[in-house]
Amino acid sequence: MGGLLSLHYPGTIYPVNTKSNRIFGIRAYKQITDIEGPVDLAVLAIPEDSVEEALKTCCRKRVKGITIITAGFGETSERGRKKQEALAGLARSNGIRILGPNVSGTFNLRAGFNASSTPAENLLATPIAAVCQGGYAFYDMLSSGWTKGLGVGKFIHTGNECDLTVTDFLEYFGRDREVKSIIMYIEAIRDGTRFMEVAREVSRIKPVVVYKAGRTSGSARAAHSHTGALAGKAHIYQGLFRQLGFITSPTMELLLPVAHALIERPPMKGPRVGIITVGGSWGVALTDALEEAGLSVPEFSAKLQETLQAVGMPPRASTRNPVDFGASGLFLSLDTPVALGREILSSGEVDALIVHGIGRPGMHTEDTPDEWKIFLDIEKQQIQGLSEQEKETGKPVLIGSHYSQWESQVVYDLNKQGVRIYNNLYEIAQLLSLMHEYWDKRPG
Amino acid sequence: MKIIEKALKEERNTLSEHESKQLLAGYGIPVTREILVADRKDLANAVSEIGFPLVMKGSSSSITHKTEKGLIRVDIRNENEAVTAFEEIMEKMDGQGEGVLVQEMIKGQRELVVGLTRDPQFGPCVMFGLGGIFTEILKDISFRVAPLEKQDALDMMQEIKGHKILKAVRGMEPVDMDTLAQILINVGRIGLENEAIKEIDINPLILSGARPVAVDALVVLEEGELL
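In order, the protein sequence lines correspond to chains A and B.
If you read the first sequence in this note's numbering, its first letter stands for residue 1, the second for the next number, and so on.
If you read the second sequence in this note's numbering, its first letter stands for residue 1, the second for the next number, and so on.
One or more hints might be untrue.
[To be verified] In the DSS-like style, the derived pairs of lysine-lysine whose C-alpha atoms are separated by at most 30 Å in a straight line are:
| hint | chain 1 | residue 1 | chain 2 | residue 2 |
| --- | --- | --- | --- | --- |
| 1 | A | K233 | B | K150 |
| 2 | B | K164 | A | K269 |
| 3 | A | K269 | A | K148 |
| 4 | B | K161 | A | K269 |
| 5 | A | K269 | B | K150 |
| 6 | A | K233 | B | K164 |
| 7 | B | K167 | A | K269 |
| 8 | B | K139 | A | K441 |
| 9 | B | K107 | B | K150 |
| 10 | A | K212 | B | K161 |
| 11 | B | K161 | A | K441 |
| 12 | B | K161 | A | K233 |
| 13 | B | K150 | A | K441 |
| 14 | A | K441 | B | K167 |
| 15 | B | K150 | A | K212 |
| 16 | B | K164 | A | K212 |
| 17 | A | K212 | B | K139 |
| 18 | A | K233 | B | K139 |
| 19 | B | K164 | A | K441 |
| 20 | B | K150 | A | K206 |
If you're looking for bench data, these hints aren't it; they were derived computationally from the structure.
I would like the entire structure built from these sequences, with the hints used as guidance.
Right, dumping it as structure tokens:
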């Protein structure tokens with residue numbers, strides 16, 4: 001109820017409760033059949049023993065769909081599994097679809113619908129949709145992501161899947177024009193054949209980023225051959241997702257950032273990366289991370305290096321790639337970093353540019369001297385200019401800082417201005433590598 | 001498939017090496033030239049047809065782990081050695097099995113593994129990887145769900161850590177990628193077209209120059225399946 005009200009749901013809410021006649025100030029009903037008008041969706045957040053009876057009254061009321069938040073069914077016991085199958089059968093014979101049981105909630109921020117326990121203030125309405133076989137952990141990721149400008153506009157947790165499965169929602173979001181990319185958290189697929197068909201179709205139209213949980217499981221059946229013994233679930237899913245055109249996220253934490261990067265950044269058409277750093281070690285470590293991720297950091301041609309020198313690199317600075325401004329970078333003129341970025345991106349020698357090591361520590365206070373503020377302001381303008389090179393050159397530019405937005409005023413301000421700042425070398429390398437993997441197979 | 005029907009009627013749940021290779025050959029997969037010799041008097045002909053050097057193996061669908069049981073002799077270079085090997089192997093098999101497989105010896109240092117397994121959700125899956133005796137230790141493998149397109153086969157070959165073994169390395173020729181891709185595709189087809197087959201192991205698939213050849217094979221059948 002809190003979720004629904006926090007988003008000012010534009011439709012009608014009918015609370016149903018045997019004990020109270022007002023919930024959150026809205027008139028409540030003892031039974032769903034007491035409600036005068038039609039009801040489209042029934043959301044059941046009631047004890048396990050009451051579910052069957054409630055479902056029957058929903059059938060009498062002829063609702064179109066039922067979401068069962070209640071846990072304790074198939075996920076805990078064989079008896080529970082039989083119960084949920086019976087519920088599904090009952091609903092199906094009445095033409096009603098069931099989501100769950102054991103779901104944490106659903107939301108569609110674009111429609112003002114939030115039947116989850118997270119207040120809408122912590123959710124960002126992006127053109128990304130999530131189809132998950134896990135629930136509560138996602139609210140952590142989404143609320144935290146909200147502070148960094150990451151989120152999903154539509155979210156489904158499928159729970160025990162006694163009726164509707166991830167395949168059904170993958171198909172739905174595949175057709176939904178408001179959805180530009182899809183993230184999935186999968187533990188087990190129950191309708192393999194249909195899943196493969198739907199997945200192939202959807203991944204042709206928009207990026208699908210998946211995290212497969214439960215990697216360490218052996219084959220269930222006794223194997224007579226080496227192949228049987230080696231065929232662990234994790235390996236098979238890994239191959240399958242590639243075959244279906246999905247992008248596999250190496251970690252749960254990267255699911256959202258990858259889905260955003262695939263729709264926000266221009267295509268990564270090749271594996272070559274140019275690096276500009278404030279702090280040479282960032283360049284070395286970043287090169288390692290990129291090469292481990294299968295990308296390359298090519299040495300710039302003599303011609304390009306001469307151009308960079310001419311544009312205004314400090315005399316003793318290296319222009320081989322990575323290009324490090326070092327401490328002197330802090331004192332470059334306003335235009336120089338942007339000009340350097342432009343030369344590198346339009347040289348034809350790289351497919352993406354990373355600028356790492358920006359931002360100084362500390363948030364502004366009333367005691368911050370004006371000279372420092374001006375100094376940081378110049379850095380912000382330099383970074384803004386560099387990130388705009390993306391539009392100019394059609395190549396991805398990733399800006400990185402070791403500082404989070406809570407540690408650096410520059411990073412905080414840039415974030416507010418809409419410039420995405422990445423905080424982690426491994427993450428930056430993985431993002432570019434997955435972007436390359438995605439665009440490599442598609443005409444950009 | 002006749003071979004499968006015969007095995008099932010005899011209540012066996014595996015095909016012998018020779019039967020397995022006949023099945024694979026039926027699907028266009030390159031296998032070693034070999035002749036099954038049950039009777040001493042047929043040995044001379046078999047040996048001259050296959051040519052030296054050759055390999056001899058005890059053939060039986062009920063004996064596994066042939067190496068450990070001393071049922072394999074390699075690098076046999078003349079008739080005398082062939083006769084000795086034949087008699088030793090037959091004695092070790094002690095009445096079991098169908099005879100001795102006289103097989104061409106394939107030279108090649110690169111050993112791959114190709115297999116088939118059935119996933120309860122996704123159906124027949126093809127496996128590819130680094131093979132040989134350390135297959136299960138290396139676990140350098142990739143999978144695709146059948147039916148495979150050519151691109152799937154090419155992708156799965158590049159996915160293993162040791163994929164560079166397929167190129168021109170250390171003076172060896174690069175593998176014929178088209179043939180290798182076709183082998184992967186066809187193993188998938190075997191799984192799709194024969195529900196009675198539960199698992200397949202082709203290990204090793206040796207690269208003889210550019211040419212992949214199945215040097216040993218095992219086909220496991222579903223228990224209790226009578227067509």
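Structure-based check of all given hints:
1. A:K233 - B:K150: holds (23 Å)
2. B:K164 - A:K269: holds (24 Å)
3. A:K269 - A:K148: Cα-Cα ~27 Å, so holds.
4. B:K161 - A:K269: holds (24 Å)
5. A:K269 - B:K150: Distance ~23 Å between K269 (chain A) and K150 (chain B) Cα, so the pair holds.
6. A:K233 - B:K164: Between K233 (chain A) and K164 (chain B) the Cα gap is close to 26 Å, so the pair holds against 30 Å.
7. B:K167 - A:K269: holds (25 Å)
8. B:K139 - A:K441: At roughly 27 Å apart (the allowed maximum being 30 Å), K441 (chain A) and K139 (chain B) satisfy the hint.
9. B:K107 - B:K150: holds (27 Å)
10. A:K212 - B:K161: Holds - the C-alpha atoms of K161 (chain B) and K212 (chain A) are around 21 Å apart, at most 30 Å.
11. B:K161 - A:K441: holds (21 Å)
12. B:K161 - A:K233: holds (19 Å)
13. B:K150 - A:K441: It holds: about 15 Å lies between the C-alpha atoms, which stays within 30 Å.
14. A:K441 - B:K167: holds (23 Å)
15. B:K150 - A:K212: holds (26 Å)
16. B:K164 - A:K212: Given pair K164 (chain B), K212 (chain A) holds - Cα atoms ~28 Å apart, limit 30 Å.
17. A:K212 - B:K139: Holds. K212 (chain A) to K139 (chain B) sits at ~20 Å (cutoff 30 Å).
18. A:K233 - B:K139: holds (14 Å)
19. B:K164 - A:K441: Holds, because 21 Å separates the two Cα atoms, which is no more than 30 Å.
20. B:K150 - A:K206: Holds. K150 (chain B) to K206 (chain A) sits at ~23 Å (cutoff 30 Å).
Checked against the numbered hints given earlier, this structure breaks none of them.
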